[in-house]
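**Student:** Can you build the whole structure from these sequences, using the hints too?
Just so you know, the sequences run in chain order S and G.
The first sequence begins at 1 in my numbering and counts up one residue at a time.
The second sequence begins at 489 in my numbering and counts up one residue at a time.
Hints are computed from structural coordinates only; laboratory data are not their basis.
We put the CB at the ideal spot given by N, CA and C, even for glycine.
A portion of the hints provided could be inaccurate.
Unchecked claim - Just the calculated beta-carbon pair ranges, DEER-fashion:
no.	chain 1	residue 1	chain 2	residue 2	range
1	S	K484	G	K730	50 to 56 Å
2	S	V486	G	E603	27 to 33 Å
3	S	V340	G	H646	55 to 61 Å
4	S	P419	G	T562	39 to 45 Å
5	G	Q709	S	P388	29 to 35 Å
6	G	E603	S	K484	29 to 35 Å
What the hints assert, rightly or not - List time: in silico DSSO-like cross-link candidates among lysine-lysine, alpha-carbon distance up to 30 Å:
no.	chain 1	residue 1	chain 2	residue 2
7	G	K560	S	K320
8	S	K403	G	K607
9	S	K407	G	K570
10	S	K485	G	K602
11	S	K403	G	K566
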Amino acid sequence: MVLGLKRKWLLGLLIALPLMLGALLPGKSVAAAQKTYTIGTDVTFAPFEFANQDNKYVGIDLDLIKAIAKTEGFKVEIKPLGFNAAVQALEAKQIDGVIAGMSITPERQQKFLMSDPYYKSGVVMAVAKKGTIKSLKDLRGKRVAVKTGTDSADYANSIKDKYGFSTVTFDDSNNMYQDVITGNSAACFEDQPVMQYGINNGMALKIIGKPAREGSYGFAASKNNRALITKFNAGLKKLRANGQYDKIIERYLGNGSAKSQKTAAGNAQTTDRSFFGLLKANWGTLMSGLEETMVLTVVAIFFATLVGILVGLLGVLPNKFAQGVATTFIYIFRGLPLMVLALFIYTGVPSLIGSKVPAFIAGIVTLTLNEGAYTAAFVKGGIQAVDPGQMEAARSLGLPFGKAMRKVILPQGIKIMIPSFINQFIITLKDTSILSIIGLLELTQTGKIIIARNMEGFKIWTMVALIYLIIITLLTWLSNWVQKKVKA
Amino acid sequence: MSDYRVEMKNVHKSYGDNDVVKGVNLNVANNEVVVMIGASGAGKSTVLRMINGLETVTSGEILIDGEDIAHKGTNINKVREKIGMVFQHFNLFPNMSVMGNVTLAPTELGIASKEEAIKQAKAMLEVVGLTDKADAMPAQLSGGQQQRVAIARALAMHPDIMLFDEPTSALDPEMVGDVLGVMRRLAKQGMTMVIVTHEMGFAKEVADRVVFFDNGTILEQGTPEDIFEHPKEERTKSFLNKVLNA
Chain S
1 MVLGLKRKWL LGLLIALPLM LGALLPGKSV AAAQKTYTIG TDVTFAPFEF ANQDNKYVGI
61 DLDLIKAIAK TEGFKVEIKP LGFNAAVQAL EAKQIDGVIA GMSITPERQQ KFLMSDPYYK
121 SGVVMAVAKK GTIKSLKDLR GKRVAVKTGT DSADYANSIK DKYGFSTVTF DDSNNMYQDV
181 ITGNSAACFE DQPVMQYGIN NGMALKIIGK PAREGSYGFA ASKNNRALIT KFNAGLKKLR
241 ANGQYDKIIE RYLGNGSAKS QKTAAGNAQT TDRSFFGLLK ANWGTLMSGL EETMVLTVVA
301 IFFATLVGIL VGLLGVLPNK FAQGVATTFI YIFRGLPLMV LALFIYTGVP SLIGSKVPAF
361 IAGIVTLTLN EGAYTAAFVK GGIQAVDPGQ MEAARSLGLP FGKAMRKVIL PQGIKIMIPS
421 FINQFIITLK DTSILSIIGL LELTQTGKII IARNMEGFKI WTMVALIYLI IITLLTWLSN
481 WVQKKVKA
Chain G
489 MSDYRVEMKN VHKSYGDNDV VKGVNLNVAN NEVVVMIGAS GAGKSTVLRM INGLETVTSG
549 EILIDGEDIA HKGTNINKVR EKIGMVFQHF NLFPNMSVMG NVTLAPTELG IASKEEAIKQ
609 AKAMLEVVGL TDKADAMPAQ LSGGQQQRVA IARALAMHPD IMLFDEPTSA LDPEMVGDVL
669 GVMRRLAKQG MTMVIVTHEM GFAKEVADRV VFFDNGTILE QGTPEDIFEH PKEERTKSFL
729 NKVLNA
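**Tutor:** Quick look at the structure:
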């Protein structure tokens with residue numbers, strides 16, 4: 001029977017889709033002359049890692065790992081994922097190592113292999129420059145900003161009962177600093193060199209008191225990567241001996257003298273900080289972010305529409321099993337928050353299938369499933385909104401279900417669905433911003449990175465918002481034009 | 489070949505606990521015009537819709553030209569090709585023109601080429617008196633015109649049997665005559681027809697047999713004269729009293 005065949009074909013495709021995506025993924029072992037390690041890092045942890053004006057990642061950590069790679073004869077691929085995502089990716093063995101100003105702690109030593117210490121640091125408290133907070137005691141009843149998953153956050157939480165403050169968590173340093181500057185939080189806790197660098201670069205904050213919990217930064221590798229740690233330790237030793245290590249530190253923090261600090265601060269001041277100056281300076285970076293956003297949007301819309309239509313059609317087949325599949329698909333993927341789904345696919349699925357999922361693929365799969373579920377729901381609804389008498393009339397003429405659907409029901413249903421499709425396209429465009437959580441360098445993530453470098457949150461977010469609005473306006477015009485064409 | 493076009497043997501239909509058709513036996517001979525009457529909810533529309541499988545039977549058997557339509561080996565689409573159906577609410581396809589409506593099934597099912605289908609459609613539109621509306625969209629037509637297009641659409645498949653489910657109930661009174669006129673002509677040409685209607689005058693005039701439904705069963709059947717002039721059952725009498733003296 002034609003109908004039965006078609007149904008099997010649809011189901012087959014639905015099952016084959018994830019497998020096809022799986023086949024696209026690179027295998028576990030990549031044969032190469034020089035071994036390449038994928039190293040995760042933070043996006044906004046200057047001076048250890050941050051994007052410079054050319055959107056190139058620089059910083060103490062990056063210069064260090066690159067120099068070590070050179071001495072020890074391996075290659076590195078740097079993935080600025082954000083601290084939290086990087087640690088999770090390492091746990092899921094999506095990446096080989098993390099260098100992100102990571103304090104060596106007993107917990108981390110249990111989970112990962114940690115290298116020898118490469119930088120001594122401590123946790124400091126910073127408050128607004130013009131604020132009244134003078135010591136930990138002044139924090140009673142106040143709110144304190146910390147960054148997720150950091151040693152500083154751990155420290156703050158360990159003393160919050162003693163000093164009677166509460167903590168609020170941020171995903172990157174800049175948002176945490178801004179929260180203190182705007183006065184929402186009374187103070188923040190941050191690693192000393194990072195805080196110092198931020199202040200040198202014009203953050204209106206000041207450090208209070210002495211560093212606590214003095215500790216050391218180390219490089220982390222997954223437990224099965226002993227060779228990488230050995231190479232790191234050997235390389236570090238060599239760099240320390242030949243003076244290259246000191247040069248790298250000096251490059252970012254000066255030699256500690258007041259003069260070098262001033263120069264650093266001065267450099268920050270000389271760039272054009274007006275809206276248009278910043279726009280001009282960051283134009284290329286923003287456009288590359290926009291490009292990634294557009295690619296994600298177009299590819300995701302394509303697959304989501306395909307999946308949505310297939311699942312929506314399954315939902316209207318006169319077959320209980322097909323309907324069940326559609327209902328379950330919609331229930332699960334419409335019910336899951338997009339961010340949870342993205343993190344699950346990017347960091348959860350690899351531990352299930354034992355193979356890495358590239359961030360771009362993970363992003364597309366996430367959007368396809370989520371937007372596809374919404375699309376399926378309105379495709380199903382649109383078809384069901386067509387008068388049942390239409391199907392009866394078509395079937396009474398002897399048309400098989402498939403033909404009746406294609407020739408009579410779908411053309412009417414699609415008219416009902418068009419506004420929902422347009423709406424979904426716009427939502428998909430906006431939802432790509434959530435993929436910044438898995439480190440995709442789309443527009444939102446690009447904004448975050450620029451701000452991590454220049455600390456101009458308000459102006460850069462305004463630019464990012466305007467770019468989104470312009471694109472959405474264009475998309476809406478295009479959609480309205482298409483809608484008119486179809487209606488005519 | 490069976491003696492009958494349609495044979496219904498002890499047919500039942502229930503929705504959950506609600507029995508709507510309770511053991512109906514009904515045969516329709518070739519060229520016969522059967523009119524089904526009765527109060528709303530008596531089960532006559534359900535019985536009509538079972539004949540082409542739009543409603544499935546809960547138990548019992550329906551044979552079309554001797555072929556069991558519920559049998560696994562039966563291609564219901566092939567059976568439907570020879571059974572035309574006209575609905576109360578016309579159910580024209582609003583996304584295509586009158587010509588599109590009438591030519592869709594013959595061309596899609598490979599029964600006629602595009603040219604043949606158009607030629608035949610023109611002939612069918614002539615039968616229903618709407619040659620000038622070939623390019624109109626359904627929404628531009630009156631109810632009576634739409635219903636006549638629906639008849640032309642069904643006739644374009646050259647059916648052996650025509651089913652009419654209250655074809656004039658949704659029409660303004662002045663439109664009813666045109667539609668009944670078309671049906672009258674079909675009956676005269678010898679079309680096998682099963683009609684559910686409340687038009688008693690029409691039933692009297694065209695029916696070979698009138699079937700009175702009550703509470704999911706056939707209570708009484710016979711010639712128009714039997715039923716309208718000498719009804720045996722009390723329920724039939726009271727029903728006719730109500731509709732004829734309304």
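**Student:** For each hint, tell me whether it holds in the structure or not.
**Tutor:** Results of checking the hints against the structure:
1. S:K484 x G:K730: 50 to 56 Å: Cβ of K484 (chain S) to Cβ of K730 (chain G): about 53 Å, so the range 50 to 56 Å holds.
2. S:V486 x G:E603: 27 to 33 Å: holds (29 Å)
3. S:V340 x G:H646: 55 to 61 Å: holds (59 Å)
4. S:P419 x G:T562: 39 to 45 Å: For P419 (chain S) and T562 (chain G) the Cβ distance comes to about 42 Å; the hint holds.
5. G:Q709 x S:P388: 29 to 35 Å: Once the Cβ atoms are compared, 31 Å apart, the range 29 to 35 Å for P388 (chain S) and Q709 (chain G) holds.
6. G:E603 x S:K484: 29 to 35 Å: With Cβ atoms ~34 Å apart, the hint holds.
7. G:K560 x S:K320: With Cα atoms ~19 Å apart, K560 (chain G) and K320 (chain S) stay inside 30 Å; holds.
8. S:K403 x G:K607: Given that 30 Å is the threshold and the Cα spacing comes to 23 Å, the pair holds.
9. S:K407 x G:K570: Holds, at roughly 20 Å.
10. S:K485 x G:K602: Within the cut-off at roughly 27 Å; holds.
11. S:K403 x G:K566: At roughly 14 Å apart (the allowed maximum being 30 Å), K566 (chain G) and K403 (chain S) satisfy the hint.
Of the numbered hints stated above, none is contradicted by the structure.
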